[in-house]
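Novice: Below are the chains, spelled out letter by letter.
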Amino acid sequence: MGAVQWLLKKITKVFGRNTTSLYYVLLYREILKEINDITKDEEDSIIILREIGKKAATESCERHTAVFKWMPGSPKKVIEYFELLWVVVFGKELEEGDLTYEELPKEGSKYNDYIVKIKSCPLCAGYGVDDEDTFKFQKVNSKNSEGLACGLTGMLENVANFILKIKRNDYRISIVEQKCLAKGDEHLQFICKIYDSLEWKEFSSVRIQDKIKSGVKFEESIEEDVIQETKLDIIDKLQEVLSLDKIEELLDEPLEGIKRKVAEIIEDKLNMEPSHFFDYFKNYEDDLLRIIGYLAVHLLNEYGGLIEKTLKNNTFAKIAGYLFKQLREFVLLFIPIDVINDYHQLLISFLDGLAPAEMVENVRQFSGKDDINFLFEGAQMALENLGIDFSELKDNVWEEIRKERENGLLSSDQSMMEKTEENIPKIIKIMQEILMLLSDILTLPIRVLISESHYGLKTAINSVVSEEEGLFGSIKDRIDTIFDYVQELKQ
Amino acid sequence: MNLTRDDLIQSDATMNQMRNMVYHLERFMKLNEVSEIRENLRRMGRNIARTYIKYWKPIDIVKKDNLNDVITTIYKKILNSSVSVDFNEINKIVTVKDNDCPLCKYHFNDIDVAGCEIIAAMLSEIITCLNKGKSSLILEPLDILESRTFGHKSCIQSFKYREGGV
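Protein sequences, first through last, are from chains A and B. In terms of my numbering, the first sequence is residues 722 to 1212. In terms of my numbering, the second sequence is residues -2 to 163.
Worth flagging that the hints you see were computed from the coordinates, not collected in a lab. Heads up, some of the hints might be wrong.
[Unchecked claim] Label pairs and their computed distance ranges (CB to CB): (1) Ser1070/A <-> Lys94/B: 45 to 53 Å; (2) Asn(-1)/B <-> Ser1070/A: 54 to 62 Å; (3) Glu36/B <-> Ser942/A: 25 to 33 Å; (4) Gly905/A <-> Leu28/B: 43 to 51 Å; (5) Cys126/B <-> Gln930/A: 49 to 57 Å.
[What the hints assert, rightly or not] Simulated crosslink set (DSS-like; lysine-lysine; CA at most 27 Å straight-line): (6) Lys27/B <-> Lys938/A; (7) Lys790/A <-> Lys982/A; (8) Lys1039/A <-> Lys27/B; (9) Lys94/B <-> Lys1115/A; (10) Lys754/A <-> Lys61/B; (11) Lys1003/A <-> Lys102/B; (12) Lys754/A <-> Lys129/B; (13) Lys860/A <-> Lys74/B; (14) Lys51/B <-> Lys1115/A; (15) Lys129/B <-> Lys1039/A; (16) Lys1115/A <-> Lys61/B; (17) Lys54/B <-> Lys1046/A; (18) Lys1030/A <-> Lys157/B; (19) Lys754/A <-> Lys51/B; (20) Lys754/A <-> Lys102/B; (21) Lys813/A <-> Lys61/B; (22) Lys813/A <-> Lys51/B; (23) Lys857/A <-> Lys51/B.
Ideal Cβ positions, reconstructed from N, Cα and C, are used throughout, including at glycine.
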C-alpha cells in the first residue's frame, strides 16, 4: 500500500468520531429492524436500508469534499482502494489478508468487473446469537437480494461514485453484496461493476418505489452534478514520487535544493504549478502541520512497530503519555524562542515562492510556538492512535501515583481531585515546587547551549550552502580526489 | 476465523455516516406516518443495551453512591464520550451533558426527535439490566433538554432515578 493511501487511512480514522464497533453494529441492526417494522417485508427492508446508507454517505461526503480530492480519479483505482473506502465508511481497518480481489474479464468493455471478498464481516459478527437479533434472514430468499451489509454496501457505492463525480470522471461503479455471513455464506462478498455514463443512467433509472412490494413511501435520491473547480488527479501521480525513500532523498538536500526539487516534481509529474498544488492546503495550514506531527510519529513506528508494541502495555503507555506531556511543556521551556522562530522562518522561506502568497501570509501569521503546538497536537493524535489514552492521564504524575480506586470505575466527581489534593502531604507539594523551580533555573545553561550550537550551526550551514568554494566545495573536491586515486589504483 | 461480538468491544468504528443514517431513518418514519418516533428510538436504545450488557458491563450493581461513576464509565467506554453528570437530590433528577454526542452533531430543521434518545434509553436500560432482580436503583429517561440536533451547543439528557427498585 502506498504511503499516501496509508496516511489517508490513518487520518480518516483519527479525525472521525469513534464509538466501540459493537455499539456501531448494534445500532445498525436496530435501524434495519425499525425499517422492517414499517415495511413488514424483509426483502424491502434490505432495499430501504441500502438506500438510507447511500443517502447517509452522500451527506457525509458533501460535508468533507476536500478529503475526497485526494482520492484517485479512475474507477479501477477506486476499486483498488477498496480498503480505504471501507475505512472511510466504517472507520475500522481490516485485518491483514482479510480482503482479496478477483478480476472478472469483461469483453468489449474498457473495465473489467471485480469481486471483493472480505473474510470476516464485523456487521455479521455473532449475528443470531442474541435474543434481540430478530431480523430473519431466512425470509430473504430472492436471488438478487443482498444481506446484512446492504446499508454499508450502499455507503461504499456512493462514496466511490462521489469520488468519481468530483474527479469529473464519467464512469460509475455499482457495488452489490453477493454473499453474507448472516445469510449463511462463508464470507462477505461484493461484486463491483463499472458503467459508462449511459449505462449508469439506465442502470440507476429503476425507482426504489418500483423495487419494493410493501408499498411503503420512500423519498428517492436525485443524483446531482457536483460543481467543482477543475483540479487534476494528483494522488495517483503523487504516489509515484512520495515514497519514503524519495522523501529521505529530498531531506538530504539543503533548502533551495529541496525547493527546486519539489517544484520540479510538481511540474513534471503533476503537470501543475507548485502554487496550484499548495493551493490545496490553503486555509488548512494548521492541519498541515498537525499532519506532519502525526506522520512523524507513525514513521518512527514504521521501524518494527516498536512504539505500538511498547504502548500495548498499559503502564508503558501511561509513562510515555506523561513523558510526552512533559516534553511538550519542556520544548518551549528549554529551547529559546529565537531558535523556534528561526525554524518558523525556515518554513516560511520554504513555502515562499512555492505556495500561493496567501498561504505564505497565513503561515506568517503563526508564531514559532504555534508551529510547535500544531506539531505536538498531530503527534498526540498519532500516539492516541497507537495506544495512549491521554484522557486517562492525570494533571501531573503525582496524581497517578495515588492508589487507583478498587471498583475500577472512572471518577467523574470534579471535587474528588480537589479533595485528594488536599490529602497529599504538603511536603510532596513543596518538593514538587522545588523541583519545578530547579528545572526553571536549569533551563538557563541549556538555553545558552542550544543557542550557541544553533547559531554556530547556522553560521556553518550558511557558509557551506552559500559558497561553492566553502566547506561543501572543499569536501566535494576532496572526495573527487579520493575517487580519482581509487580509480588510479584500480587501473 | 469469524469475528465475534466480544472482538467488537475491543475495536472502534467511525460514527460519521451511521449518525446520518439515524436521521434518514427518522425521515423515513415520518414519511410513513409513524406516530411514536421517540418511543421507537428509545426501543432501539433498549435493545442495544440488552445485547451490549451480555458482552460488557461496568459493574455488577448500581447504587446511588456509584451512579455518577457508572454513568461516566458507560459513556466513556461505549461511546467514547466524556460527560458531566449533575444530580438534583430534591427532585431526584440526573442530567448528563455531552459536548461531543456521537449521534448529534448537525442542526436539522426537519427533525423533531434527537438521536441521543437512543443513548438515553440505552443508559437507562443498562442500569435496569444490571439491577434486575435486585432491590436497588432505577433510572428512567425523562427528556432531552438540549441537543446539537436542535441547534444547541451540547446534548443534555435528563433522567429520573428511584432508589429501592422494583
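Novice: So, for every hint listed, does it hold in this structure?
Specialist: Do the hints match the structure? See the list:
For the pair Ser1070/A and Lys94/B, the beta carbons lie near 47 Å from each other, so the given range of 45 to 53 Å is met. In this structure, Asn(-1)/B and Ser1070/A meet the distance hint of 54 to 62 Å, their C-beta atoms being roughly 55 Å apart. One distance hint, 25 to 33 Å for the beta-carbon pair Glu36/B and Ser942/A, holds here, with the actual separation near 28 Å. Roughly 33 Å separates the CB atoms of Gly905/A and Leu28/B, a value that falls outside the hinted 43 to 51 Å.
Between Cys126/B and Gln930/A, the C-beta spacing of about 40 Å breaks the proposed range 49 to 57 Å. At roughly 10 Å between alpha-carbon atoms, Lys27/B and Lys938/A fall within 27 Å of each other, so this suggested pair holds. As the CA atoms of Lys790/A and Lys982/A are separated by approximately 24 Å, the hinted pair is consistent with the 27 Å bound. Between Lys1039/A and Lys27/B the CA atoms are separated by roughly 48 Å; this puts the pair beyond 27 Å, and the hint is violated.
Simply put, Lys94/B and Lys1115/A have alpha-carbon atoms about 21 Å apart, close enough for the 27 Å limit, and the pair holds. Only pairs whose Cα atoms come within 27 Å are accepted, and Lys754/A paired with Lys61/B is rejected, the gap being roughly 34 Å. About 26 Å separates the Cα atoms of Lys1003/A and Lys102/B, which keeps this hinted pair within 27 Å; it holds. For the given pair, Lys754/A sits about 25 Å from Lys129/B by alpha-carbon distance, which is consistent with the 27 Å threshold.
About 35 Å separates the Cα atoms of Lys860/A and Lys74/B, which puts this hinted pair outside 27 Å; it is violated. A hinted pair counts as satisfied when its Cα atoms are at most 27 Å apart, and Lys51/B with Lys1115/A does not qualify at roughly 31 Å. Restraint check for Lys129/B and Lys1039/A: the C-alpha separation of about 36 Å exceeds 27 Å, so the hint is violated. Annotation: proposed proximity of Lys1115/A to Lys61/B holds, straight-line Cα distance about 26 Å (limit 27 Å).
A C-alpha spacing of about 32 Å is found between Lys54/B and Lys1046/A, which places the hinted pair above 27 Å, so the restraint is violated. For the suggested pair Lys1030/A and Lys157/B, the alpha carbons sit about 45 Å apart, so the restraint of at most 27 Å is broken. As the CA atoms of Lys754/A and Lys51/B are separated by approximately 20 Å, the hinted pair is consistent with the 27 Å bound. Restraint check: the Cα-Cα separation between Lys754/A and Lys102/B comes to about 24 Å, which is no more than 27 Å; the hinted pair holds.
With a C-alpha separation of about 37 Å, the suggested pair Lys813/A and Lys61/B falls outside the 27 Å cut-off, and the hint is violated. For the hint linking Lys813/A to Lys51/B, the alpha-carbon distance of about 22 Å falls within 27 Å, and the restraint holds. Using a Cα cut-off of 27 Å, the hinted pair Lys857/A and Lys51/B holds, with the two alpha carbons roughly 21 Å apart.
Hint violations for this structure: numbers 4, 5, 8, 10, 13, 14, 15, 17, 18 and 21, all remaining hints satisfied.
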